[in-house]
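Residue-level listing of the chains:
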Amino acid sequence: MAKERKRRQPTDAPSPGDDDGERREHRREKKPRKERGDPVLPSQIKNKDKRKEVHAKLKSEKKAQKRRLARERSQAVQRAIELGEQPPEKQVPRTIENTREPDETVCRPDDQELFAGNDADEFNAVLKQQTMPKVLITTCRFNSGRGPAFIEELMQVIPNSCYVKRGTYELKKIVEYANNRGFTSLVVVHTNQREPDALLIINLPDGPTAHFKLSKLILRKDIKNHGNPTSHKPELVLNNFTTRLGHRIGRMIQSLFPQDPNFRGRRVVTFHNQRDYIFFRHHRYIFEMKENKIASKDKKAKASESKSQPEKQVICRLQECGPRFTLKLLTLQHGTFDTKSGEYEWVHKPDMDTSRRRFFL
Amino acid sequence: MPRTSVVESPGCPPLRALTADILGLIKVVEARTKPAGVAKVVETWGAPDASRAVLAASLADRAVDPVLAVARKNGVVELLNPLNGDTLAGVKAAGTAPADSSAEEDPLATLHLFRRHAPDSSMFGTFLTCTEKGKAYVKSVAKENAASDMAVGPSSSWDVSNSGTVQFSSVDAGDSYAMFGGKGIEVNLWDITSCSKIWSAKSPRGNSLHIFTPPWFTAGTFLCKDDHRKIVACTNNHQVRLYDTASQRRPVISVDFRESPIKAVAEDPNGHAVYIGTGRGDLASFDMRTGKLLGCFVGRCSGSIRSIVSHPELPLIASCGLDSYLRIWDTNTRQLLSAVFLKQHLTAVVIDSHFSTEELEETKPKQQDTLIEAEVEVRRERKEKKNRTSEVDEDRTRMLNHDYSDAEMHTPKRKKSGERSKGMKKKSKKQQVA
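For the protein sequence lines, the chains are A and B, in the order given. Residues in the first sequence are numbered from 1 upward in steps of one, following UniProt numbering. Residues in the second sequence are numbered from 1 upward in steps of one, following UniProt numbering.
Certain hints may be false.
[Claimed, not checked] Simulated crosslink set (BS3-like; lysine-lysine; CA at most 27 Å straight-line): (1) B:Lys139 - B:Lys197; (2) B:Lys292 - A:Lys349; (3) B:Lys183 - A:Lys173.
[Claimed, not checked] Residues on chain B that point at chain A, a partial pick, calculated with CB under 10 Å: (4) Leu23; (5) Val42; (6) Thr44; (7) Trp45; (8) Pro261; (9) Lys263; (10) Gly279; (11) Ser304; (12) Arg306; (13) Leu322; (14) Val340; (15) Phe341; (16) Lys343.
The set of hints was computed from the structure by calculation and includes no laboratory data. A quick note: this is a predicted structure, and the numbers were derived from the prediction, not measured. Heads up, the beta-carbon is just placed ideally off N, CA and C, and yes, glycines get one too.
Based on the provided sequences and hints, a complete structural model is requested.
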């Protein structure tokens with residue numbers, strides 16, 4: 001074989017030689033183009049091996065550059081600290097949230113009309129602790145699958161809530177029933193194909209009705225290392241409800257819970273709004289004293305000193321308990337549930353989605 | 001780059017509108033020619049108080065001595081000067097009874113202030129108001145001892161109906177006929193001078209399944225200025241109906257519009273078009289001669305529309321509602337001219353048509369804007385700047401594109417020439433080989 005190759009080489013040599021020559025010419029022609037400023041992208045190269053090579057090279061270059069820049073930045077900061085100067089400003093990444101379209105409906109802390117509006121709205125009695133919140137939970141007519149389990153967990157989340165079987169009653173009748181028994185809110189869990197998919201919160205007796213889409217439901221038993229909540233009144237965290245509409249929704253959610261949490265219970269319920277999606281989480285927390293790691297290193301070096309002053313730090317540990325879901329507001333209706341003659345305060349319409357950076361809550 | 005929406009508003013002509021909201025505030029919105037047709041809040045009258053929420057408002061739109069009347073939740077009808085916001089008089093509409101208790105049971109539903117001016121100037125004005133349970137009152141407010149509650153001149157009252165709740169009333173341009181309607185009340189026409197019912201509508205026949213829908217009227221207006229016989233009434237059952245009182249008691253035309261109840265209606269000064277607003281925030285215009293939909297005012301309205309008014313001279317309408325925006329629309333192009341955020345749920349809007357900018361600038365020095373407005377302006381400026389920069393960028397990119405295209409134009413030629421040269425070389429080589 002080797003001999004054959006040897007033999008063949010001289011015979012075949014001229015034609016590939018010619019090709020090579022042409023290729024070289026090609027390259028010569030391409031090189032000045034590269035210099036002009038439009039580099040050949042790896043995706044334009046047809047030979048896979050070559051493409052891989054170029055791509056790997058590009059990638060490693062980029063990575064190295066990134067590392068170099070980061071190092072330079074950190075060095076600049078260190079230098080500034082050593083010299084006692086003002087460290088250079090930290091770069092803030094641009095996100096969809098912080099490049100949100102300007103919105104004149106965002107609440108301002110100095111707005112007197114906002115506070116007057118708060119005092120006049122439907123949630124005021126509950127939020128001023130004049131009445132205890134009392135929540136009735138019911139379902140749609142056909143409730144199965146994860147619905148009952150979800151309701152069980154929801155009842156552990158919301159204190160002073162009770163479940164009433166829907167039966168074949170109309171929702172308007174149930175609103176009437178709940179009004180007569182002094183409930184302050186009504187929560188309806190709607191299931192579709194054995195999966196909870198919507199949540200309706202109605203403030204009673206004549207408050208607004210909010211219709212949420214419910215998604216990403218994870219029940220307690222599916223959460224790893226979950227805890228079991230106690231029956232203490234939970235603390236409430238409402239994040240990022242900034243606009244006038246968001247403020248109203250926040251107050252509505254707030255009115256589901258008692259306003260005097262048991263801090264001893266160390267139980268916290270979070271409604272976190274991000275890009276109009278409201279994320280629900282339920283946690284237990286604990287504060288613990290923990291020895292600092294740096295302090296322990298010091299211990300080895302200077303055993304005698306550290307023994308006299310054991311450095312301790314307070315850390316907070318979280319344990320998630322029970323359900324995890326995401327809500328998205330679809331409509332906010334003025335008055336209690338009424339589909340035929342209802343007036344809407346806010347309806348999500350598709351032609352409102354003009355931008356990814358426009359948010360309503 | 002992400003898509004961004006830019007409000008391309010052609011700007012509104014000089015305009016003055018007054019809005020009333022559920023906290024009892026009355027806000028004046030003005031658009032002037034100098035800051036390029038941007039409407040903004042100029043003044044706010046009253047202190048926020050939910051018990052004094054405005055339920056209805058009406059403006060006697062006169063060049064001399066205009067009066068604004070507002071019906072409040074506590075049963076008081078207040079007459080204001082729409083130029084400076086001074087309270088002229090406050091009258092309890094419900095008459096002699098202690099109104100505090102009656103106002104809760106039977107709040108005022110509608111209000112109309114008569115436009116014709118009293119011959120002697122001892123009167124502030126005469127208004128017609130109606131409670132939800134159907135008690136209509138006509139009262140005149142005299143100028144002397146206006147501070148006391150009993151400062152009422154000649155008045156009359158009658159019962160519109162015994163059952164049902166009144167939801168709207170409307171008075172024709174000549175101020176002689178009034179129309180009422182509501183939940184369980186058919187549209188009925190009254191002669192104001194004689195306090196007698198002239199005409200009442202009849203429910204349309206049941207549909208093909210013989211299902212009868214009980215009457216529930218939510219809004220209505222007289223179609224023409226000079227003709228009190230044509231009435232447009234809108235139902236909770238999302239229907240727009242045209243009644244001709246001269247010909248028959250059943251509706252002449254009945255048109256369905258979408259799925260949500262119609263909450264507001266306003267007539268166009270041209271005498272055949274009407275503008276309707278629904279509970280889901282849809283705004284549309286209908287031609288009532290044919291009953292055809294002329295078009296919708298698309299986009300941006302997200303809450304129920306409570307009130308629409310059309311400008312008597314300019315081709316524009318103003319709408320407001322539960323989304324707490326006052327929006328001004330062009331009726332010809334159906335485009336949004338301007339939108340102002342007013343923080344509360346709005347209940348009524350009126351347009352002051354005798355507003356001219358020169359006059360105002362003479363009389364009043366420029367008022368200090370509130371912080372918010374200033375910021376809004378700053379934002380607008382920024383937006384404009386952005387637009388400019390984006391335009392510049394676009395220009396640049398265009399330029400670049402031209403360059404590229406030029407380059408593309410040039411390169412193939414070069415290539416061709418290169419190929420030619422190669423071909424030449426090949427040929428020469430071959431020749432050499434040969």
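query: Does the interface hint hold: is B:Arg306 within less than 10 Å of chain A, judged Cβ to Cβ?
result: This hint holds: B:Arg306 lies near chain A, its Cβ roughly 8 Å from the closest one there, short of 10 Å.
- prompt: Was the hint right that B:Val42 lines chain A, CB cutoff 10 Å?
  reply: violated, 16 Å
message: The hint names B:Phe341 as touching chain A; please verify it with the least Cβ-Cβ distance against 10 Å.
response: holds, 5 Å
- prompt: Are B:Leu322 and chain A close enough, Cβ to Cβ, to be under 10 Å, as the hint says?
  reply: holds, 5 Å
message: So, as I understand it, the hint says B:Gly279 touches chain A; can you test that by seeing if any CB pair is closer than 10 Å?
response: Constraint on B:Gly279 satisfied, holds at 4 Å.
task: Would you check whether B:Pro261 satisfies its interface hint, that is, whether its CB is within less than 10 Å of any CB in chain A?
output: holds, 5 Å
message: Would the hint on B:Lys343 be counted as holding, given a Cβ-Cβ threshold of 10 Å to chain A?
response: holds, 5 Å
query: Is the shortest C-beta separation between B:Leu23 and chain A less than 10 Å?
result: holds, 6 Å
message: For the restraint on B:Thr44, tell me whether the closest CB of chain A is nearer than 10 Å.
response: holds, 8 Å
message: Against the 27 Å threshold, does the CA-CA distance of B:Lys292 and A:Lys349 hold or violate the hint?
response: The hint holds at about 24 Å.
- request: Would you check the hint for B:Lys183 and A:Lys173, treating anything up to 27 Å between C-alpha atoms as holding?
  value: Holds. B:Lys183 to A:Lys173 sits at ~20 Å (cutoff 27 Å).
field: Hint validity - B:Ser304 Cβ closer than 10 Å to any chain A Cβ
entry: holds, 4 Å
Hints 5 and 7, counting from the list given before, are not met by this structure.
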